[in-house]
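Participant: Using the sequences plus the hints, can you model the full thing?
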Amino acid sequence: AYSELRFPETSLPKDLSTMSECHGVISVGTFSKVIATGLRVGWIHGDPRVLDHVLRMRFDMGNSPLLHYMLADFMSSGELDSHIEAMRGLYRDKCRALANGLRTYCEPYITFKEPEGGFFMWVNLRDGLDPQSVQAAAVEEGLIAPAGYAFFPNQDEMDTRNIRLAYSWARLEDLEEASKRLGRACERVATGEFTLAS
Numbered sequence: 208a209y210s211e212l213r214f215p216e217t218s219l220p221k222d223l224s225t226m227s228e229c230h231g232v233i234s235v236g237t238f239s240k241v242i243a244t245g246l247r248v249g250w251i252h253g254d255p256r257v258l259d260h261v262l263r264m265r266f267d268m269g270n271s272p273l274l275h276y277m278l279a280d281f282m283s284s285g286e287l288d289s290h291i292e293a294m295r296g297l298y299r300d301k302c303r304a305l306a307n308g309l310r311t312y313c314e315p316y317i318t319f320k321e322p323e324g325g326f327f328m329w330v331n332l333r334d335g336l337d338p339q340s341v342q343a344a345a346v347e348e349g350l351i352a353p354a355g356y357a358f359f360p361n362q363d364e365m366d367t368r369n370i371r372l373a374y375s376w377a378r379l380e381d382l383e384e385a386s387k388r389l390g391r392a393c394e395r396v397a398t399g400e401f402t403l404a405s
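Its first residue numbered 208, the sequence shown is counted upward by one per residue in the numbering used here.
None of these hints come from the bench; they were simulated from the model.
C-beta: ideal position from N, C-alpha, C; glycine also.
One or more hints might be untrue.
[Stated by the list, open to error] Quick list of the computed label-pair ranges, beta carbon to beta carbon:
| # | residue 1 | residue 2 | range |
| --- | --- | --- | --- |
| 1 | L262 | S227 | 18 to 26 Å |
| 2 | F281 | L219 | 18 to 26 Å |
| 3 | A404 | I233 | 48 to 56 Å |
| 4 | L219 | T402 | 44 to 52 Å |
Facilitator: Given below as structure tokens:
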């Protein structure tokens with residue numbers, strides 16, 4: 208879903224379906240991240256003889272035919288590549304702004320690796336910082352910074368000292384303030400000023 212939204216200027220290698228000219232390989236994807244996050248329409252690419260069988264079993268989950276026509280029109284307009292490039296640039300700028308803010312305001316409390324794409328940044332909390340406490344303190348600061356455990360399928364086998372920050376919906380100019388608020392939340396937890404109520 209996020210492979211088209213990579214920030215580095217290098218492109219991904221061709222997928223196996225393209226390299227094999229559709230012989231023996233089927234690939235699937237979605238438009239929900241590159242066009243609109245609420246657009247629950249996907250695509251399938253493969254040998255037409257195989258896809259004929261798949262099409263007989265198709266199930267469209269009740270999506271509007273009008274939506275499908277609009278998407279088909281957009282796809283045939285040739286605008287998809289330029290749209291993806293624009294989205295890639297927008298999310299790259301937001302990601303970098305958040306990363307710069309985190310380095311400036313949160314460095315004593317966190318570590319992170321700047322992502323190479325997508326909508327989210329995973330932040331690791333340093334020893335002594337509990338993600339549930341940081342999440343609650345962040346809410347008091349007017350920031351949503353959910354504890355990372357909620358995003359793991361098996362919560363028993365995970366690193367529990369992380370939070371997930373979404374920059375995709377934030378305005379670029381708000382990301383520095385968000386970093387300040389997270390820094391204040393972390394500081395309040397680290398100094399004992401904030402504790403979770405029992």
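Participant: Using the beta carbons of F281 and L219, state whether their distance is inside 18 to 26 Å or not.
Facilitator: At 22 Å between Cβs, range holds.
Participant: Kindly confirm whether 18 to 26 Å is satisfied by the beta carbon distance between L262 and S227.
Facilitator: holds (20 Å)
Participant: Could you tell me whether the CB distance from A404 to I233 stays inside 48 to 56 Å?
Facilitator: Roughly 52 Å apart at Cβ, these two residues keep to the hinted range, so it holds.
Participant: If you check the beta carbons of L219 and T402, does the distance land in 44 to 52 Å?
Facilitator: holds (45 Å)
Checked against the numbered hints listed earlier, the structure breaks none of them; every hint is satisfied.
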